[in-house]
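A.B. asks: Heads up: the sequence lines are chains A, B and C, in that order.
Residue numbers for the first sequence, in the working numbering: 1 to 182.
Residue numbers for the second sequence, in the working numbering: 1 to 182.
Residue numbers for the third sequence, in the working numbering: 1 to 239.
If you are wondering where the hints come from, they were derived from the structure by calculation, not from laboratory data.
One should not assume that every hint holds.
Stated by the list, open to error - Straight-line distance between alpha carbons at most 16 Å, and here's what the computed EDC-like set of lysine to aspartate or glutamate pairs gives:
1. A:LYS75 <-> B:GLU132
2. A:LYS77 <-> C:ASP156
3. A:LYS77 <-> B:GLU16
4. A:LYS171 <-> C:ASP132
5. B:LYS25 <-> A:GLU71
6. C:LYS149 <-> B:GLU132
7. A:LYS171 <-> C:ASP156
8. C:LYS149 <-> A:GLU162
9. B:LYS77 <-> A:GLU16
10. A:LYS25 <-> B:GLU71
11. B:LYS22 <-> A:GLU162
12. A:LYS171 <-> C:GLU120
13. B:LYS25 <-> A:ASP32
Said to hold, decoys possible - Some chain C residues judged to face chain B by a derived CB distance under 10 Å, without partners named:
14. GLN8
15. GLU21
16. LEU25
17. ARG29
18. ARG34
19. ALA55
20. PHE57
21. LEU89
22. LEU93
23. LEU95
24. LYS100
25. ALA103
26. GLU112
27. VAL123
28. VAL236
A quick note: this is a predicted structure, and the numbers were derived from the prediction, not measured.
Backbone N, C-alpha and C fix where the C-beta goes; we use that ideal spot for every residue, glycine too.
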Amino acid sequence: MEIGSKIESILLAYGEPIALSKLAKVLGEQEDVIRETVEKLDAEYLEQRRGFAILRKENFVQLVSHPDCAESIRKLKRIEDETTLSPATLEVLSIIAYRSPITRSEIEMIRGVNCSSILRSLSIRGLVDRIEESGDGRSYTYSPSFSLLKILGVKTLEDLPEYANLSRNGKLYPDQKESVSA
Amino acid sequence: MEIGSKIESILLAYGEPIALSKLAKVLGEQEDVIRETVEKLDAEYLEQRRGFAILRKENFVQLVSHPDCAESIRKLKRIEDETTLSPATLEVLSIIAYRSPITRSEIEMIRGVNCSSILRSLSIRGLVDRIEESGDGRSYTYSPSFSLLKILGVKTLEDLPEYANLSRNGKLYPDQKESVSA
Amino acid sequence: MYSIKLEQFEGPMDLLLQLIEKNELDITRVSLARVADQFIEYMESNHNLPLEQMADFLDTAARLLLLKSKALLPVLQFTEEEEEEIVDLEERLRLYALFKEKAMLLGGMAEEQRYMFSREAFVGLDKMFLPDPSMLRVLSSDLESALKKLLDTIPDPEKLKEKILRRTIRLEEKIKRLKELILQRTKFTFFEIIRDRRDHGEIVVSFLAILELVRQKHMTVRQEDNFGDMYVEKIVEGK
Numbered sequence: 001m002e003i004g005s006k007i008e009s010i011l012l013a014y015g016e017p018i019a020l021s022k023l024a025k026v027l028g029e030q031e032d033v034i035r036e037t038v039e040k041l042d043a044e045y046l047e048q049r050r051g052f053a054i055l056r057k058e059n060f061v062q063l064v065s066h067p068d069c070a071e072s073i074r075k076l077k078r079i080e081d082e083t084t085l086s087p088a089t090l091e092v093l094s095i096i097a098y099r100s101p102i103t104r105s106e107i108e109m110i111r112g113v114n115c116s117s118i119l120r121s122l123s124i125r126g127l128v129d130r131i132e133e134s135g136d137g138r139s140y141t142y143s144p145s146f147s148l149l150k151i152l153g154v155k156t157l158e159d160l161p162e163y164a165n166l167s168r169n170g171k172l173y174p175d176q177k178e179s180v181s182a
Numbered sequence: 001m002e003i004g005s006k007i008e009s010i011l012l013a014y015g016e017p018i019a020l021s022k023l024a025k026v027l028g029e030q031e032d033v034i035r036e037t038v039e040k041l042d043a044e045y046l047e048q049r050r051g052f053a054i055l056r057k058e059n060f061v062q063l064v065s066h067p068d069c070a071e072s073i074r075k076l077k078r079i080e081d082e083t084t085l086s087p088a089t090l091e092v093l094s095i096i097a098y099r100s101p102i103t104r105s106e107i108e109m110i111r112g113v114n115c116s117s118i119l120r121s122l123s124i125r126g127l128v129d130r131i132e133e134s135g136d137g138r139s140y141t142y143s144p145s146f147s148l149l150k151i152l153g154v155k156t157l158e159d160l161p162e163y164a165n166l167s168r169n170g171k172l173y174p175d176q177k178e179s180v181s182a
Numbered sequence: 001m002y003s004i005k006l007e008q009f010e011g012p013m014d015l016l017l018q019l020i021e022k023n024e025l026d027i028t029r030v031s032l033a034r035v036a037d038q039f040i041e042y043m044e045s046n047h048n049l050p051l052e053q054m055a056d057f058l059d060t061a062a063r064l065l066l067l068k069s070k071a072l073l074p075v076l077q078f079t080e081e082e083e084e085e086i087v088d089l090e091e092r093l094r095l096y097a098l099f100k101e102k103a104m105l106l107g108g109m110a111e112e113q114r115y116m117f118s119r120e121a122f123v124g125l126d127k128m129f130l131p132d133p134s135m136l137r138v139l140s141s142d143l144e145s146a147l148k149k150l151l152d153t154i155p156d157p158e159k160l161k162e163k164i165l166r167r168t169i170r171l172e173e174k175i176k177r178l179k180e181l182i183l184q185r186t187k188f189t190f191f192e193i194i195r196d197r198r199d200h201g202e203i204v205v206s207f208l209a210i211l212e213l214v215r216q217k218h219m220t221v222r223q224e225d226n227f228g229d230m231y232v233e234k235i236v237e238g239k
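Could you put together the complete structure from these sequences and hints?
C.D. replies: Shown next, in the form of structure tokens:
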């Protein structure tokens, strides 16, 4: 595979701005080669009227949507700004509300379904707070955010209906061990 | 700006799998037009040897990196190899991949053995989607997830070996009706 | 009977498939009848089969015996449902063989690690593009009912285990009761034993019991016509 294709696929997957030096290192190339290839890619996108563009700031680059497409993305956001939540999202939110602080794998043990994208979207929407637990950047717990409490109109979690009773339900505390052995 | 560019810019910004119907709504186009354009885009990426590919499953699409760049991205994101799949797990996965949507009892008919814990673990790992059928939260069908396509490095289920023969539409074997176990 | 070395297997259908392959047979009704004894022998000698799988193995064994009794005694009248079960087993095993082969291919594909990566949702996007939570209308009672509905659908693991255990014991007990019944009598025919059967499972269980008693040299079986009734006789000690 060509170096250009490699760079664009890395930029797609990485998302955040990435240092040219980091790209150079992972691809085993000179930084100058990377810089030139990135410029060539961006010129190609422009010429082919692609929906992509590469932002360059100092020694960082990032693959983003072309500015001319901003309107479509804004429209999409308006569609995403639903006033109600899907049943799956409500389910996750209810687990977090009644059993916080709780880790992702605990939530998944209770639901029996992967929850990563729902949790990401709840965090992005500011409905739950993600708190780093151990400092290794890999274990987090989730809790209801202040704005969620505001939307729900409660001052503390204890004000949720049947909080004392539901938060102690044994099914919310499944044994971690009996699970994931596929 | 052209429809294709708009679509690719949305796919990039959205990240997650997105419904063709949502794209159609945002862009004010017919779903068929969107579907065709997505296929054209994917063909272009292939022809121009881009680092991108578009996954397609049922009515959802997702922009992903090219499989040839997997290693660099894994290195960069420091992703450990976490996809050890046992033979039993692979059996269940292959049945779901070829025969979806499929119920648990249909899978158990073929394997002759209870599959609930494997299904639970596959669903928690996000390799299969569990779809509620009746609304009572008790009957589900299972389908391959986008994560599974990504791990296998195939863009659509049709790219699986002998898919046309083995899928439900292949009519090689009739659908199983009966259920096997408790 | 000769013993056969088997690889690790992933359940009753896998065991059945491996037996067919080791005997160099194709997947047909006749082959299935031929490996029925080996299947049961393997099951009985393998006492560390996990309990959760025991019922599944017994279930497949029952279907195999139904098939075998049909092969030995074609005069036996089967209900439509029983006939279906025989056809089913053959078809299911064919499907199983196909998907087992594909499972290995899929495993190979995953091992190549040609993963495709997607971008996380809304990564690196400007705040103005992110969904706005202030539009949201959620009531605390929505959360309460969502949680209650979820808790309702989570099965009690203890109850599940009990269910599996009960199913296994039911089959095992049936076999045991029948063995005792047979041992009390010195002479009987197969048709007599199954005359009052309540369901198709009982033919199968009877067959299983007789087979085992013959193997343990408690009984002999004689068949006068090729596909006629079977006369079972107790072997008298010291004879």
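A.B. asks: Check the structure against each numbered hint from earlier and tell me which ones fail, lowest number first.
C.D. replies: Result: hints 1, 2, 4, 11, 12, 13, 15, 16, 17, 18 and 28 break, sorted rising.
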